[in-house]
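I would like the entire structure built from these sequences, with the hints used as guidance.
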Amino acid sequence: MPLWLVFYPEGHFQDTAARKALTQDITKIYTDIGLPPFYVVVNFIQMGPQDMWIGGAQKTDKPFVRFVIEHIAVNLPDDDIAMDRTARRIDQALKPHVADKGYDWEFHVDETDRRLWKVNGLVPPKFGSEQEKVWVKENRAVPYPEGL
Amino acid sequence: MPLWLVFYPEGHFQDTAARKALTQDITKIYTDIGLPPFYVVVNFIQMGPQDMWIGGAQKTDKPFVRFVIEHIAVNLPDDDIAMDRTARRIDQALKPHVADKGYDWEFHVDETDRRLWKVNGLVPPKFGSEQEKVWVKENRAVPYPEGL
Amino acid sequence: MPLWLVFYPEGHFQDTAARKALTQDITKIYTDIGLPPFYVVVNFIQMGPQDMWIGGAQKTDKPFVRFVIEHIAVNLPDDDIAMDRTARRIDQALKPHVADKGYDWEFHVDETDRRLWKVNGLVPPKFGSEQEKVWVKENRAVPYPEGL
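Chains as they are written, first to last, in this note's numbering: chain B, -1 to 146; chain H, -1 to 146; chain E, -1 to 146.
In short, the hints are calculated from the structure, not lab data. Fair warning: there could be bad hints in the mix.
Each pair may be met inside one copy or between any two copies, as identical chains are not told apart.
[Claimed, not checked] Below, in silico cross-link-like pairs of lysine-lysine (DSS-like), each with a Cα-Cα straight-line distance of 27 Å or less:
#1 57 with 93
#2 124 with 60
#3 99 with 135
#4 93 with 124
#5 93 with 26
#6 18 with 60
#7 135 with 60
#8 26 with 131
#9 60 with 93
#10 26 with 99
#11 124 with 57
#12 57 with 26
#13 60 with 131
#14 18 with 135
#15 135 with 57
#16 131 with 57
Right under this line is the structure:
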C-alpha cells in the first residue's frame, strides 16, 4: 500500500529521471502522513498506440495518462472534506508531471481493507504505532511479534 | 470512469477495426445513460501464451478474454435488480465481440467512490447536472467553478 | 473470480514449471473451499527494470513480487478472525514461491460484489449450491436456468 498503476502512452516517461521525479512526488504524499517510503509501489505500464481507447476512439490530440491508485494502509472516513483533501493532494503531486507537460490525465482511488494485506508474510503494523515507526526508520518490513 | 482493462490472448483483437467496434459498444453502455464518451477508457493488455493461467493450467481449448471494469461516476444502489440489469447490459455489449467469436470470457465490475476521482485536475460534475451536459457536448473536461 | 495479477520482475518466473507450481498452489486456496478450478485466473505481468518503483527508487537488493487479488465469488464477513485466516492461507500458498526463493513480496485483496460478475454470459451459481457442484465437476461454465 499504496499501489499505483501508471498507464502511459509509448514515447512518454521514457527516461529514468522523469520516473524518479514522479515517483518521489507520489511517495511524499504518503511519507508526509508518516508511512514508510517502501509502502509506495508505482508500476509503469506502457500502452502502445493501439492499446488505449477513449470513448471508442484513439486519442490523437494530447498524450493521456491514466493513474489507478489502491489505498490500503489508511482508508478515509466517509467524509466529503477528507475525500476532497486527499484528491487535491494527489493533484498537487501530479501537476508538474502531467499538467505542466501538456498531458491529459485522470486518476481514481480504490480503497481496500488493510486486514487483507501483508508484506513479506507480516501484518503491517497499525497506522501511527511504534512498530510502524521502526518500519519507517529502517524502510523495510522488520519482523515483530504480531498483535502489538 | 469507467475504466476497462481487457486482458486478451496474443493473436486476438489484433486489428484496429475489432478494437474500435468493441470499444464503441462498450462506450455506448455509458453514453446511453448520459455520460460523456471521453469518460470511457479501455486499455488492451496482451497476455502471451505463458502469461494467463486458469485453474493452475494453461488454457488450450478456446481463447479467453478477462474484462476488469471500474465504475466510478455512478455507483449502483444495493439492489439485486439494478445489479442484474447492469450485468446484462454489459453482456449485451460484449456478445458480438466474444460469444459470437467462440471465445470464453469473464467480467467483473468494481465500484469506487467518485469523491476520489479527478480528470485533468477537475472534480467531474455531478451525474445528470447541467455542467455534465457541457462535458458531454464538448466531449472533454471543460473547466468550471467547482461546487456547482 | 478470483483474479490474481502477478507483477513480477523480468528474469523471474520465466519457466513454465515455476508458473504452474505457483498457480496450482493459488488454485488450491479456492478449490479447498469448494470453488471450481476454472474460476481461478492468474495473469503474469512482467515489469522491466525501469517499470517498478518503490518509495521513489528502483529496488536493487532483492526481487520484489506484487500480488493484486480480486475476490468476487465469496466475500468475507467484517470479522478480524476471518480476514486473518484468509490472509494466512494466502501466505501459506505463496511461501514456497517467494519467501523460500529469497524474494520480497506483498499482496492485498480487494473484494467486489458478485452480482456484477458473469462468466460466459452466465450468472455464476450461488456458493455451495448444487449447480456450483456441476461447474466444479465439469470445470467449466455449464449453462443452467438462472435463478436456481
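How the hints compare with the structure:
1. For a Cα distance limit of 27 Å, the shortest separation of residue 57 from residue 93 qualifies both inside one copy, at 21 Å, and across copies, at 25 Å.
2. In this homomeric assembly, residue 124 and residue 60 come within 27 Å of each other (Cα to Cα) only across copies, at 25 Å, whereas the closest approach inside a single copy is 42 Å.
3. Within a single copy, residue 99 and residue 135 get their C-alpha atoms only as close as 35 Å, which misses the 27 Å cut-off; across copies the closest is 26 Å, which meets it.
4. Taking the closest pair of Cα atoms, residue 93 and residue 124 come within 27 Å of each other only across two copies (23 Å); inside a single copy the shortest separation is 31 Å, beyond that limit.
5. Taking identical chains as interchangeable, the C-alpha atoms of residue 93 and residue 26 lie at most 27 Å apart only when both belong to the same chain, with a minimum of 14 Å there against 31 Å between chains.
6. Both within a single protomer and between protomers do residue 18 and residue 60 lie at most 27 Å apart by alpha-carbon distance, with minima of 23 Å and 19 Å respectively.
7. Proximity of residue 135 and residue 60 under a CA criterion of 27 Å is satisfied inter-copy only: 19 Å between copies versus 41 Å inside one chain copy.
8. Only within a single protomer do residue 26 and residue 131 lie at most 27 Å apart by alpha-carbon distance; the minimum there is 16 Å, versus 36 Å between protomers.
9. Taking identical chains as interchangeable, the C-alpha atoms of residue 60 and residue 93 lie at most 27 Å apart only when both belong to the same chain, with a minimum of 16 Å there against 32 Å between chains.
10. Taking CA atoms no more than 27 Å apart as the test, residue 26 paired with residue 99 passes inside one copy only; the shortest distance there is 20 Å, against 31 Å between copies.
11. In this homomeric assembly, residue 124 and residue 57 come within 27 Å of each other (Cα to Cα) only across copies, at 25 Å, whereas the closest approach inside a single copy is 43 Å.
12. For the identical chains of this complex, residue 57 and residue 26 are inter-copy neighbours only, at 17 Å across copies versus 31 Å inside a copy, given an alpha-carbon limit of 27 Å.
13. Within a single copy, residue 60 and residue 131 get their C-alpha atoms only as close as 42 Å, which misses the 27 Å cut-off; across copies the closest is 22 Å, which meets it.
14. Within a single copy, residue 18 and residue 135 get their C-alpha atoms as close as 21 Å, which meets the 27 Å cut-off; across copies the closest is 38 Å, which misses it.
15. In this assembly of identical chains, the alpha carbons of residue 135 and residue 57 lie at most 27 Å apart only when taken from different copies (17 Å versus 44 Å within one copy).
16. In this assembly of identical chains, residue 131 and residue 57 lie within 27 Å of each other by CA distance solely across copies; the values are 21 Å between and 45 Å within a copy.
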